Structure formats: structure tokens, C-alpha cells
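**Student:** Protein chains in written order, with our numbering: chain A, 1 to 236; chain B, 237 to 590.
Hint data in this document are derived by calculation from the structure and do not stem from the laboratory. Computed from a predicted model, the values in this text were never measured in an experiment. There could be a bad hint or two in this list.
[Claimed, not checked] Far from chain B by the CB rule (all over 12 Å, computed), these chain A residues:
# : residue
1 : Phe5
2 : Ala65
3 : Gln95
4 : Gly106
5 : Ala115
6 : Thr155
7 : Gly157
[Said to hold, decoys possible] When the alpha-carbon atoms are kept at most 25 Å apart in a straight line, the in silico DMTMM-like pairs for lysine to aspartate or glutamate are as follows:
#  : chain 1 : residue 1 : chain 2 : residue 2
8  : B       : Lys281    : A       : Asp140
9  : B       : Lys578    : A       : Asp108
10 : B       : Lys281    : A       : Glu171
11 : B       : Lys281    : A       : Asp108
12 : A       : Lys154    : B       : Asp282
Even for Gly, the Cβ is constructed at its ideal location relative to N, Cα and C.
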Amino acid sequence: MNQSFQFHDKHKISVFIGAYGSGKSEVSANFSVWLAQSGYRVTLCDLDIINPYFRTSDAAAALSAEGVSMVSPQFAGTNADVPALPGGLLSVFDQKDLYGVFDIGGEDLGARAVATVRPRLAAADHAIYMVVNVNRPCTDTAARIVRQAYVLEKTTGLPISGLVQNTNLLEYSQSESIDYSDETIEQAARQLSLPVSFAAALPEAVPPAWSAKSWPVLRLKRFIRYPGQASSAKQP
Amino acid sequence: MSSRVLMKGNEVIAEAAIRAGCRHYFGYPITPQTEIMNYMARRMKDVDGTMVQAESEIAAINMVYGAAAAGARVMTTSSSPGISLKQEGFSYIAGAELPAVVVNIVRCGPGLGGILPAQGDYFQATKGGGHGDYKNIVLAPASVQELYELTVEAFNLADKYRMLVMILGDGTLGQMMEPVSYRDAEQIETVEKPWHVCGTKDKRQHRTVQSIYIDPDDLEALNDKLQAKYRTVEKQDTMVEMIGCEDAEIIITAFGTSSRISRNVLRLADDLGIKVGMIRPITLWPFPSEAIMEAAAADSVKSFLDIELNAGQMLEDVRLAVNGRKPVHFLGRTGGNLPTQKEIIEKIRTIAGR
Numbered sequence: 001m002n003q004s005f006q007f008h009d010k011h012k013i014s015v016f017i018g019a020y021g022s023g024k025s026e027v028s029a030n031f032s033v034w035l036a037q038s039g040y041r042v043t044l045c046d047l048d049i050i051n052p053y054f055r056t057s058d059a060a061a062a063l064s065a066e067g068v069s070m071v072s073p074q075f076a077g078t079n080a081d082v083p084a085l086p087g088g089l090l091s092v093f094d095q096k097d098l099y100g101v102f103d104i105g106g107e108d109l110g111a112r113a114v115a116t117v118r119p120r121l122a123a124a125d126h127a128i129y130m131v132v133n134v135n136r137p138c139t140d141t142a143a144r145i146v147r148q149a150y151v152l153e154k155t156t157g158l159p160i161s162g163l164v165q166n167t168n169l170l171e172y173s174q175s176e177s178i179d180y181s182d183e184t185i186e187q188a189a190r191q192l193s194l195p196v197s198f199a200a201a202l203p204e205a206v207p208p209a210w211s212a213k214s215w216p217v218l219r220l221k222r223f224i225r226y227p228g229q230a231s232s233a234k235q236p
Numbered sequence: 237m238s239s240r241v242l243m244k245g246n247e248v249i250a251e252a253a254i255r256a257g258c259r260h261y262f263g264y265p266i267t268p269q270t271e272i273m274n275y276m277a278r279r280m281k282d283v284d285g286t287m288v289q290a291e292s293e294i295a296a297i298n299m300v301y302g303a304a305a306a307g308a309r310v311m312t313t314s315s316s317p318g319i320s321l322k323q324e325g326f327s328y329i330a331g332a333e334l335p336a337v338v339v340n341i342v343r344c345g346p347g348l349g350g351i352l353p354a355q356g357d358y359f360q361a362t363k364g365g366g367h368g369d370y371k372n373i374v375l376a377p378a379s380v381q382e383l384y385e386l387t388v389e390a391f392n393l394a395d396k397y398r399m400l401v402m403i404l405g406d407g408t409l410g411q412m413m414e415p416v417s418y419r420d421a422e423q424i425e426t427v428e429k430p431w432h433v434c435g436t437k438d439k440r441q442h443r444t445v446q447s448i449y450i451d452p453d454d455l456e457a458l459n460d461k462l463q464a465k466y467r468t469v470e471k472q473d474t475m476v477e478m479i480g481c482e483d484a485e486i487i488i489t490a491f492g493t494s495s496r497i498s499r500n501v502l503r504l505a506d507d508l509g510i511k512v513g514m515i516r517p518i519t520l521w522p523f524p525s526e527a528i529m530e531a532a533a534a535d536s537v538k539s540f541l542d543i544e545l546n547a548g549q550m551l552e553d554v555r556l557a558v559n560g561r562k563p564v565h566f567l568g569r570t571g572g573n574l575p576t577q578k579e580i581i582e583k584i585r586t587i588a589g590r
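Isolated chain B, as found in the complex (with noise of 0.2 Å):
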């Protein structure tokens, strides 16, 4: 066997998580990320994990929520309306602070919608989704090799901050195949629970863990808590890729699959003259802001293109961030579809005037 093997994306985030610890797995097949479950469900046998197929999604979260409290490295993953699903069970895992993973391949919506890639889960993903003040750290990988890597360290990231951890992929991320190896799998940071659910054994005082705190005073103290664990967040654990930024006429913004066609426009762009960079967000939450506005700062950069498989999501952090310094334009395909270089570049000669 090569070095490195050929792997689906969605295989590759349910191989990623066991060489990650992940022994638990719960969830609910919806196309376009069933390969997950189906990969799971082959390789949890080997390894004495568990797999169980839930009646829904409601109860795959739950049942993530009650193994998390005992302690496990354990994950969900669905696509886009399983996943609108999953969203009380979100917010209960905040407030408990409980670290967990859960994947969402992206399809196109609203509603039920179609079964394509889209990035439509942006807003939802980021800015809550669920009831109450809190957020879950969410990273977009581009690429199979990037999914492996990003799944293991969502792990690291879950346990890290007792937070959830979400992978926003598409269903172009989930079904293609590229090669992989699995380096650092071995990099497995395993963290002391000391406040984990696990039987008392009548030596010691029970612990509980809750999302219910009936003191007001309580409830704030919790919620300062947590804003300040996501002040730490952005400040340590902030990821974004920047291409050929330096000297750039024009910043594409971009995540995940609409970051990969971008990738391949910048070389073009270059052909014709115009210097465009990329600004790719590797975690979406917390957002890159920083990066974004001192590129926006920069006299070189006379304006932003974002690109996205939506109508505009992102766009909103990019623009908060650059601030009105520049203007921000905007391109996006809704429905399954992708942009085209073409279009793309198309786009770019018009912001550009040549």
C-alpha cells in the first residue's frame, strides 16, 4: 500500500476521529455525508467503540450529550435539515460546557431543499443557531487531507474548551476523493475531566453536570464564563490562510469548496495582469477579523471580492471587519451550484475595469 491512501472526504472524517479517540458515534443518515455512518458503523467494531443509528436527530445529539457528560470523545454528523434539528441539543451542550464534534455536510436549502453542496449553514453555524448567548468553534476545512486534520483537532479543541466543535463542510467536501496520509494522528491530546459524570462509587460527593441554573445571579456568572472562555478562543485558536496577499489589488474571501475554485482564479487573474489575493478562513468562528482588517488597512488593496455558496453570509463579517474602509462586492451561487472560474474571473476584470 502507498503512503498515502485514497479516501472519500466523508470517510476520511470518520477514520479521523477514531485515530482521534472518538469511540462513540451516534447519528442519522441524510445524504450527502451517509458514508460517514456507514464507515463508522464498519470501523467501530474494530476498535470496541459504539455506533448506534438513533430513531432521529434529536436523539443522536442527546445521546452525544449524555456520553460527553461521561467523559467520552465522542461526535455526530448530519447534513443541513438534520442538523437545523440538532440545534437545542447545541445550545444544551453549551451551557453544560461539554466538549463534543459534530459535523454538518452542507446541502443546498432551504427547507428541504436538494441534496447538492451549498454553504447556506454559515449563519446558523456561527452566530449561535440554537437559544442563549453562546458560540461553537467551527472550522472549514478544503480538502480531504485538511478534513483528517481539522477533525482530529476539533477533538483537541472540544476537550480543550468543553465547548462544541463544528466541521462545516459541503457535499463537494464530503464526496470527493483525494489522497491522504495520515500524519500526526498520533498527536492525540488527552485532557484530565475532572468534572465528568462516571459513578461515584460512594467514595465521593456526586457531580452533576446541567445547563439549568435557576439563580439569576448563577445563570450570569455562567454566562460571563463562557464569554470569557470565547474572548481565550479568539485570541489562542484563531486559524486563516493568506495567498499572495502582499501587493494584491483585490482580496477574494472565501471558505471551504468556494476557497478551492477561488485557489485556482488567483493564477489567472495574475495572466491578466491583476494582483488578487485570497483571504481563507480556516475557523469561521472565531472569525479572522484581524486578518481581514489590516489587509483592509493596506494602500495596495483598493477592494474585497467574497465568494460563497450562498447569498451573501460571510459577507456580513467580511464587511464588519473591512469596516467600510473599502468596498466589499460579492459573489455567490445558491441552489447546488458552483461558481465558475469564469465567472469568477469574469467578476474580478469588472471590479478591476480591464
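With the rest of the complex left out, here is chain A (with noise of 0.2 Å):
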């Protein structure tokens, strides 16, 4: 599937952090499925204990399918609203052919539960993706994503690694003129002094100018069903 993502920089443990809505969940999914076809045993922990509306874990059936395994909060899919994070996490960092890649919670709150873990993933070869959706209100400018990303770190206690544009109107991309802004996300990496990772899309929103780009790019499939999400996406 993901063939084309051309992304060299494997880590024991990736961590997806972002604003709020900005993608992590389908990042984290599409990340850990890329890595489980090039031969790695990998789980993805649903560590967003911020909003039991949707989560990863919603989609454990179809990631299971491709290899991934998850581990997830204890109250995932059981509408309890009790934030906490999964007992088997720490199974990660024992096991060491396991690889992990951790969808965090939005903004600083979600980002809380990187903190509860600071010393293990310090301690681990890890890197942490701030995934970026200039379309989102926190994140369209890039005096707002250099602020959110010191938020983020501040809270995690720990530096960011690089960013990943996934700029998008979730399934309304396709047939939209989507102004990728990518030079707001490479503005805001400099200023940062951060790369710009790799970018996501789903596969026909991918826009031609990524091609000229450095960046690979990681092309999306579907995993997260959002509330409210129909067959038909047209809507008054």
C-alpha cells in the first residue's frame, strides 16, 4: 500500500502528538501499518485519553487485519468517560523487537500522558511527530504551530522531532481546492529548527507540488470512523 513512503527513519517508539483534530489517530494507524509491511512487529497504543467519542481503537479489527496490534485504554468502546491510560503499555518498552507507535491525546492535556512515561521513552530510541492540519484553527498560522509545539513540549517534557504536514478536510479533500500552505508548515519548521518529516494525504488528495518536495509522503487509507460520517459526505 505504502510502497511510494519513502521514509528512512525508523525509531523503536514513534509518538504522534498534534492539536486537537489534527489528524494523529489516522497518521498514527497508517504509520503503523506501513511499518508492520516492511516487517516489523509493531503495536499502536491509543494513548488519547482525552475524548472517548473516537479513538484508534475503534479500529483495532481493521489494523488487526494488517498486522498491527493495539493496545488501548482500559474504557476504550465501553463509553465510560473515564480517561486512563492502557496497563499493557509498558509491554512495549520490555519487549525488544516490538516496535511502538503511540497516538497521543490533543494539545497539552493529551500530551499529559507522554509525560507519565517521560523517563521510559527518554531512555528509548523514540522520536516525537507533531502532525500539523493547517486547516485547523490552532494550527493555521505559523506563530500557531511554533506556540502549540512549545505547549507540547513543555508538557511532555520532552523535544519534538519533526513535523508532519497533514493538511486536509478529512473526506471533503478530494474534491476541494485545498490550499496545502505548505510554506506555513516549512516556515514554522525553521523557525523551530525542525524538518519537516514526511506528509500524509489520502491518496487522491495528494497534491502535485509534493512531488518537487523532500518530503515523503505517506498515503492515507480510511481507519478512524468519525461520528456523523455517512456513506455520501454531501451535507446542506
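If you follow the hints, you should be able to join the two separate chains into one complex; please do so.
**Tutor:** Here is the structure:
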């Protein structure tokens, strides 16, 4: 599926953080599948303790079929409004041949989940990626992306390794002329002295301009179902 | 940035309120609407507004009462159990004829229930909820774009009629993400509020905002005035969307999330050779009874199918409007479950007998 994703910076643990609604879950799920397809044993850890309404764990069956195992919050899928970290999380650190992908809840509140495992994470081979959707209100300018990055770094206590360009309008992406605002992301990356590690989009929404970019492109498959999504996206 | 932004339903309610001139927000967190408050906490600072996390829902609605009396555009938001707590305040606001906007992102009940979407607060929203003879205008959006537009409209209607206007959404609408364009953001209708309490500076008689009337004739006069106002609202501001109702054999009635699901079914029914239309009330109060009465009178229409995320609430208003002319069937799910397109199409086939 993603043989075209020429990303070589594999770490034992890849952490995805970002502003609320940046697309962390979809990127984490697809990144996990790509790792599994590349021959690694992968566990996707759903650490989104912020929003019980939709989360990666809802996609567990589909991900399992792709060879990705999951660790989810104890209460995931029960609709109990109780935030708690999954107990199986530490097994990712303990098993040497296991690769972990952490899907972290939105913003600073969500990033606290990372802070709780900071000593283990800091000692492990890891990378922290900040997922950015420029069409979202808190990351619509370079200045806001930078501010968001600082807030997240302060909460996690760990430096961000790179940005992920994930600008989208969900399934409306293909039919819209989206301004991908590549220069906004690049400007923020420069100010943060970080690379744009990779970009992600639905296959039909990958803009031609990206072929001239240095970043690898992760072509997304939809794993996460969001509330209210019907088979047809047409609404008044 | 694209001309459209990707917004969550709850966020867009907050953004719309701010763009409509709301500078005072009082709330208390509850799933599935807490993002409204979270967004307000961040955005109110940019516009020199006030956001207070009150000590309870009851405190929040009484802060709304105070700010509204002082002439401010003000809003509170909550979800079902929290809205129940606010009912006394709603009644006082109606009695004092104050403009205010309340959002109910409904979750499943009764009791503490659960955090998943439902439409079980229809009766509470449209039939009163609190004590006394009063009405709230109730708007039922069905998309994130419409959440934006109807929230702006809610502030305009509240000021126009000096009434409480409720946005009745549900967990699905609050949590879903869709692109939004902020069109018509500048269309804020400002009205004079010669009644608001703002200090006399010793230059005039003081004004009073109250809902207490000791003299029975005074109170009856207030009630007569309120009822006359409600008749005007019914006449001027009933909103409804009619989809494919011409020559329809079955008419679906549905609002909000259940109308989103139903909308997709219309085409599927068409493929089966069953002509199905939909009447979607956008105002739940005033209820678009006339549109339903007219549909019920049409020869082509054989029956109605009311679809809700409850045990049958708007159903009663549909039956009143149909008035026995045609059978009214019902499909509802509770507990946070949503009816599937398949369930609806099966029901349509059963009704149509094919």
C-alpha cells in the first residue's frame, strides 16, 4: 500500500502528538500499518485519554487485519467517560523486537499521557512527531504552529523530532481545491529548527506540488470512523 | 489557509457565538460538549470577552440571566443532565423576557445515562421543561456549517424577540468534523435594548428586570403578551427543509442527526422504486405543522415515517399535524445507538409492502 513511502527514520517508538483534530490517529494508524508491511512487529498504543468519542481503538479489527496489534485504554469502546492509560503500554518498552507507535490525545492535556512515561521514553530509541493540519484553527499560521509546539514540548518534557504535514479537509479533500499551505508548515519548521519529517494525505488528495518536495508522502487509508460520517459526504 | 476550515461541531458553536458578538460565556463542563467551553477559554481572551467556569450549571444559567439583563449577548452550553439543572433559570429568563442563547448537545438518558448521542430532550426543549407557560425557540442544525449559521441566527432571534433560543444538537453533531466557511459572519443584527439595566447615573428612573408579578391581572397581562409574541414567532420564523416531497409516497420526518442518516436513504429508496421524501424541521419550536399538514393532504402521500434518536417524541407533533389523515409510522433508537440506513430502508420496504 505504501511502498512509495520512502521514510528511513525508523525508531523503536514513534510518538504522534498535535493539536486537537490534527489527524494524529489516522496518521498513527497508517504509520503502524506501513511499519508492519515493512516487516516489523508493531503495537499501536492508543493513549488518547482526552476524547472518548472516537479513537484509534475503534479501528482495532481493521488494523489487526493489517498485522498491527493494539493497546487501548481500559475503558475504550465502553463509552465510559473515564480517562485512564492502558496497562499494556509498558510491554512495548520491555519487548526488544517490538516497535511501538503512540497515538496521543489532543494538545497539552493529551500530551500529559507522554509525560507519565517520560523516563522510559527518554531512555528508548524514539522520535516525536507533531502532526499539523493548517486548516485547523489552532495551527492555521506559522506562529500558532510554533506556539502549539512549545506548549506540547513543555508538557511532554521531550523535544519534538519533526513536523508532519497533514493539511486536509477530511473526505472533502478530494473535491476541494485545498490550499496546502506548505510554506506555512515550512516556515514553522524553520522557526523551530525542525525538519518536515513527512507529509500525509488520502491518495486522491496528494497535491502535485509534493512531488517536488524532499519529504516522503504517506498515502492514507481511512481507518478511523468519525461520528456522523455517512456513506455519502453530501450535506446541506 | 483554505477558504474553508476544518472544524468540530462544538468548536464552531463557540466561534459562531463570538462572531455573533457574544462576549460572555458561562458554563460547566460535561461530555460531549466540553470543547465549546475549551474553545471559549482560549478565544474569549482575543476579543476581551469573559468566560467563566461556574460552580454548577445552575450558577451558570443565573449568570446568563444577569448578563442578559445587563444587555449583553450571552450564552451557556451543556448536555442533557446539565440542561435539566438549568430549567428553573430558563423559566425566569422567559418571565423576565431576556434574550439568551443556550446550547444542548444532547446525550442519551434518562438519568446520568451515557455520553453517546440522542434526541431524547425534544419534549423538554419544545414543551417547556421549566414551570409556567413559556416557549423557547428551538433550532435543530444538521451539519457543522448549519451549526455555525444557526448559532449566529440564534443570537439575532434572541434579541429580536427577547427570548431564550436553544440550539438542540446531539453528541454526533458536537463531535463531528466538517469544513466550514464563515459566510455572513458580518450579518449581526444589533438591536436597541431600552429595557436593559446598566446604571441610571442618577439621570433617569431606574429600570427593573423581573419575573415576579404579585397582582394577578399584571401577571395575566404578561402571559397574554408572551402568548401574542409566541404567535408572532410562529408566523414569522418557522423554518423547515423539504426534500423530494413532490409525488412522494412516504414522507420521512426527522431532524438533526437522524435527518442526516435519512437523507442518504432517500436515494436508496429511489433505487428500489419507492418514492420517499423528507420534511426536516429546522425550528422544532415553532414546529412546522403547516408543511406537514399540506403533505398529509396530498393524494400521492400514503404514509409518514418519523425517525428519531428517542422513543418517539417529535412523533407526537407530527401526529397532531397529520391529524389522522394518514398513518404515521415510527423508527427510533435509544441508548446512544443510531439507526442504520439498512434499518430505515427495511422499515420503508415494510411500510410500502415491497
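**Student:** Evaluate each hint against the coordinates.
**Tutor:** Do the hints match the structure? See the list:
Every CB of chain B lies more than 12 Å from the CB of Phe5 of chain A, the least distance being 23 Å, so the non-interface label holds. With 12 Å as the threshold on Cβ separation, the claim that Ala65 of chain A sits away from chain B holds: the shortest Cβ distance comes to roughly 22 Å. In this structure Gln95 of chain A is separated from chain B by more than 12 Å, as the shortest Cβ-Cβ distance comes to about 34 Å. The claim that Gly106 of chain A is not at the interface with chain B is violated, since a C-beta of that chain comes within 12 Å of its own (minimum 9 Å).
Every CB of chain B is more than 12 Å from the CB of Ala115 of chain A (nearest about 19 Å), matching its label as outside the interface. Distance check for Thr155 of chain A against chain B: the nearest CB is about 15 Å away, which clears 12 Å, and the non-interface claim stands. In this structure Gly157 of chain A is separated from chain B by more than 12 Å, as the shortest Cβ-Cβ distance comes to about 23 Å. Of the pairs offered as hints, the one joining Lys281 of chain B and Asp140 of chain A holds, with about 18 Å between alpha carbons and a cut-off of 25 Å not exceeded.
Note on Lys578 of chain B and Asp108 of chain A: the hinted pairing is violated, with a Cα-Cα distance of about 41 Å set against a maximum of 25 Å. For a cut-off of 25 Å, the pair hint linking Lys281 of chain B to Glu171 of chain A is broken: about 33 Å separates their Cα positions. Simply put, Lys281 of chain B and Asp108 of chain A have alpha-carbon atoms about 18 Å apart, close enough for the 25 Å limit, and the pair holds. With a C-alpha separation of about 23 Å, the suggested pair Lys154 of chain A and Asp282 of chain B falls inside the 25 Å cut-off, and the hint holds.
In terms of the numbered hints stated before, the structure departs from hints 4, 9, 10, listed from lowest to highest.
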